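**Q** Keeping their order, the protein sequence lines are chains A and B.
Heads up: the first sequence is residues 354 to 573, going by my numbering.
Heads up: the second sequence is residues 354 to 573, going by my numbering.
Please note that a few of the clues may not be correct.
Same chains, same label: a pair holds when it works inside one copy or across any pair of copies.
Pairs of lysine-lysine residues, derived as BS3-like cross-links and limited to a Cα-Cα distance of at most 27 Å, are as follows [to be verified]:
no. : residue 1 : residue 2
1   : K376      : K473
2   : K514      : K473
3   : K376      : K551
4   : K473      : K435
If you're looking for bench data, these hints aren't it; they were derived computationally from the structure.
Computed from a prediction, not measured in an experiment: that's the story for all the values here.
2 protein chains.
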Amino acid sequence: MYGHPEFDLFEAIYTTRAMRRLKPDPVPQEIIMKIIEAATMAPSNSNRQPWIFLLVSSPENRQFIAERYKEAWEKYYFTAEKKLFLENHPATPEAKNLRSAIYLANHIGEAPLLIFACVKRYSDPTRAGQPMVGSIYPAIQNLCLAARAYGLGTAITSLHKHFVNEINQRLGVPPEYANEILIPLGYPRGRWGRPARKPATDVTFVERWGARPHPRSHDG
Amino acid sequence: MYGHPEFDLFEAIYTTRAMRRLKPDPVPQEIIMKIIEAATMAPSNSNRQPWIFLLVSSPENRQFIAERYKEAWEKYYFTAEKKLFLENHPATPEAKNLRSAIYLANHIGEAPLLIFACVKRYSDPTRAGQPMVGSIYPAIQNLCLAARAYGLGTAITSLHKHFVNEINQRLGVPPEYANEILIPLGYPRGRWGRPARKPATDVTFVERWGARPHPRSHDG
C-alpha cells in the first residue's frame, strides 16, 4: 500500500515502544526515505509542514554526537538520585527503562542512523522564537510506526538539547529552526512488545474532570 | 489485533487527513474507549503518561463550546486578510482548507464527540507551568490513526485556547493541566484521501543542512 509493506495498524500502535538497543547494521536509503514520506503525511498547523529531517550516518558525525550525548547524560540526566533508585529498586519498570536509557547513552553512536527532527519557529509577535512543537510530534509518531513496519526500532530523545548549539553549528541548522528531537534508528537487538500503560479508563473523563467512564464501556 | 479491527498501517497513515465535516451520528462508547486505549500506547517523557482525555458529548456542553469556538474563529482567526485570500484564490488548496475550517467553525457542535486532550504541566523550576506538549501529540496521532480504522474522522484544533478558561471552569480542568488540543470526532461526510504534501526529498537533508538526499534514493 503506497509502496510500503503490508502491516497491521494496531500491531504497529501496540508494539512500537522505544527500542534503545540497536544493531549497527546499515539501513537502506530507500527505506529511510519511505519512512520519512510516511512521517510527512502527518497533520501540521495550517498544513505548513514546517519540518526538516536531518539524517546523520557518517561515522565522524555520529561520534561527535555520541561523545556529547554521553556527557550530557552523565551531567544532566543520570543524577545521584537516579543511581540510588536503580540500586534500590532494580526490578521496577522504571529501573528497566533507566537501564535501557543508560545503554542508549553509551551506545547511541552505534545506531546506523541518527535523525534530527527540526521544526520552524513561530515568527508572529506573541510566540516569536517558539518552535511549532505540535507540528512535529505527529510526524515523529508516524515515523516511528512506519519504521516498526520495516522492522526498525526507534527512540525519541531530546537530551541533545544540552549541546544543541554545537550540533547545529556542525550540521548547519539555522536559527529559525529548532532542533527539537533526536531519533536513533536501527534494527533492534530486543523484542517488540506491548508497553506498560495505565488502563484507558484511568485517563479518561466524561463531561467533567474526575468523572470516570462507565465501567461497562471498557468491556465492549 | 488487540481487540481492534484489521487495518493497514500505511492506508491509515496516508489517508488520515483532517475531516472537519462530520455527521451527527453518535459513536459507540466502546469504540471511543478502544481508540483512547490505542492513543495511550504512544510514548511520553519518561513514560509519565501525563495525558487526560476529556470527552464531551452532552448537547449542553457541545453548544457551550460551539458558540465560543465560532466567536473565536471570527474574532481571532478568520481575518480580513484570510477573507480576501479566499475571494481572490478560491481554487487553491489553502482556500479548500480554509472552507473546511469555516465549516468546522460553524458546525463543531454537531460533531457527536469533542475530545479535549489535556496534558500535565512541568513542575521543575526551569520549565514550570509549561505543558508537556511532546508527551501529548504522539498520543493524538495514534488516536487519529485508530479512529481512521474505525471509519471515524478527526481534526486537530487549538482555537479553543482563546476561551480555555471558560471551558476549564465549566469542565473542571485543574490548573496543573493544560487543555492543549480539541479534537472533534465523528463519522465523516467527506471521503478519505491522501493529503497534499511536499515530496519527502524536499524536507530531508543528509549530514548537513541543505544537502539533499541522492535523487536515486527516492526512486527505491
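**Q** Please go over all the hints and tell whether each is borne out by the structure.
**A** Status of each hint after checking the structure:
1. Neither within a single protomer nor between protomers do K376 and K473 lie at most 27 Å apart by alpha-carbon distance, with minima of 32 Å and 35 Å respectively.
2. Taking the shortest Cα distances, K514 and K473 sit within 27 Å of each other both inside one copy (16 Å) and across copies (21 Å).
3. Taking identical chains as interchangeable, the C-alpha atoms of K376 and K551 are never at most 27 Å apart, the minima being 30 Å within one chain and 32 Å between chains.
4. Only between protomers do K473 and K435 lie at most 27 Å apart by alpha-carbon distance; the minimum there is 22 Å, versus 34 Å within a single protomer.
In terms of the numbered hints stated before, the structure departs from hints 1, 3, listed from lowest to highest.
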